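**Student:** Chain by chain, the residues:
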Amino acid sequence: MTADRELRVSKISSGTVIDHITSGQALNVLAILGIDGTDGEVVSIGMNVPSDRLGTKDIVKVEGRELSQSELDVLSLIAPVATINIIRDYDVVEKHRVDRPTEVTGVLQCPNHNCITTEDEPVDSHFEVLDDGVRCVYCDTIIREDLAAHILV
Amino acid sequence: MRHDHVISAKQLTRGDIESVLDRASDIAADPGTYAGRHQGTLLGLLFFEPSTRTKMSFSAAIKRLGGDVVDMGPVDASSVKKGESLADTVRVIEGYADALVLRHPSEGSAKMAAEYVDVPLINAGDGAGQHPTQTLLDLYTIRENAGLDGLRIGIMGDLKYGRTVHSLAHALTNFETTQHFVSPETLALPRNVRYDLHEEGASVKEHTDLEHILPDLDVLYVTRIQRERFPDESEYRAVAGQYQIDAETLEAAADDLVVMHPLPRVDEIASDVDETEHARYFEQAHNGVPVRMALLDHLLEGDR
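Top to bottom, those sequences are chains A and B.
To convert, count from 1 in the first sequence and add 12; that's this note's numbering.
To convert, count from 1 in the second sequence and add 743; that's this note's numbering.
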């Protein structure tokens, strides 16, 4: 990493760094993780940062919070090549890739307005993950395009 | 067959289907054998939408098996009117009944409701989703009149929102059939059903008019195109008119073509078809009783 890039997104002492996010998806990554800054955590975002691998990428750093693998796997739906670094005392202690989960619960809103999960019932949205999209396990609606537009906020 | 709930035709295997249809045949042949078999059993009816055939045939079925119904009645006269959730309603009513039958306007309602109850729950129609018991009686009618393997079936009308179509299309993938879907482009099969048929390797063809495939069909399954699917009356009339059949239309069909319809019909099958040898839709509706008796007998087997 060049000094120029370090200036853009500085190091954190402990927490989680999500790197190699598809450009433009950083805010959706935070939305999926339910991080909106109201809990007081320090969040740094880099968007459209130059990347040798991706051309440009987004980076998110969340201080003081170590995100679990299952929390992070959901990100694979919108940022399939994201890498995860868990930081303690400025050192990377764990490094992971996101794995595509088999299902996601409570993350995406079913676009079918007539689906039971969009009503005032005690049920979370629940999608099965397909090779090329996701499918609501309640009403069977398939979403293939623009999953980020369906993130529950 | 071992299912706690009957939610979707997708869950039914060929073995499940044949087991119910065989039992329905036994019941139709000798109804007396099954009378009183489920004495004292109570079936809870929760119909959040109007129903004539499904509700009455479930009532008739359980009563002919020796049981009875407890009926939530119309939504306007129930606690639903006070804002009670479906999850709460089914949890209350499962305490009054040995099995539940649910019709609800939302897709996925039966699946969610089943997560909240221990007694068997039967989906009697969830919005534009599924209607698996209609499919069982459709398959029974097809088997009696044309046979299932080797079948060439035309399914016509509102394929997008028609729950009987979705369930039937799924169930037919258990048999060696060719399914011809005939509809206006705006009411073609939804993406999810198309996906499943493709995954199952089903033989499927889609058409916008009936004329050129009609002579090749063994069964023509007609469904209603609803007025509310179109932005205005004139467009509805123009489109719906192309998917209506009468006795003259059927002159081009094979002599033994079987015409079916889940009913109610409006004008998609002219009344002059009723008098032809093709018409089987009233027989189809009557088959609802032995088929639902057979299904209930399977589901309640452990209670006898």
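If you are wondering where the hints come from, they were derived from the structure by calculation, not from laboratory data.
Quantities reported herein were computed from a predicted structural model and do not represent experimental measurements.
Even for Gly, the Cβ is constructed at its ideal location relative to N, Cα and C.
Careful: at least some of the hints might be erroneous.
[Claimed, not checked] Facing chain A, a subset of chain B residues (Cβ under 10 angstroms, in silico):
{"#": "1", "residue": "Lys-825"}
{"#": "2", "residue": "Leu-829"}
{"#": "3", "residue": "Ser-849"}
{"#": "4", "residue": "Ser-852"}
{"#": "5", "residue": "Ala-853"}
{"#": "6", "residue": "Leu-894"}
{"#": "7", "residue": "His-909"}
{"#": "8", "residue": "Ala-931"}
{"#": "9", "residue": "Ala-995"}
{"#": "10", "residue": "Ala-997"}
**Student:** Each hint should be assessed against the structure and marked as holding or not.
**Tutor:** Right, here's what the structure says about each hint:
This hint is violated: B/Lys-825 has a C-beta 13 angstroms from the nearest C-beta of chain A, more than the 10 angstroms allowed. The closest approach between the C-beta of B/Leu-829 and any C-beta of chain A is roughly 6 angstroms, which is under the 10 angstroms cut-off, so the hint is satisfied. Below 10 angstroms, beta-carbon pairs count as interface contacts, and B/Ser-849 has one with chain A at about 4 angstroms; its hint therefore holds. The closest approach between the C-beta of B/Ser-852 and any C-beta of chain A is roughly 5 angstroms, which is under the 10 angstroms cut-off, so the hint is satisfied.
Given hint, B/Ala-853 at the interface with chain A, holds; its Cβ is 9 angstroms from that chain's nearest Cβ, closer than 10 angstroms. Interface restraint check: B/Leu-894 against chain A, minimum CB-CB distance 25 angstroms, threshold 10 angstroms, status violated. This hint holds: B/His-909 has a C-beta 8 angstroms from the nearest C-beta of chain A, less than the 10 angstroms allowed. A cut of 10 angstroms between beta carbons decides the hint on B/Ala-931: the least distance to chain A is about 15 angstroms, and the hint is violated.
For B/Ala-995, the shortest C-beta to C-beta distance to chain A is roughly 36 angstroms, which exceeds 10 angstroms, and the interface hint is violated. Restraint check, B/Ala-997 versus chain A: the minimum CB separation of about 34 angstroms is more than 10 angstroms; hint violated.
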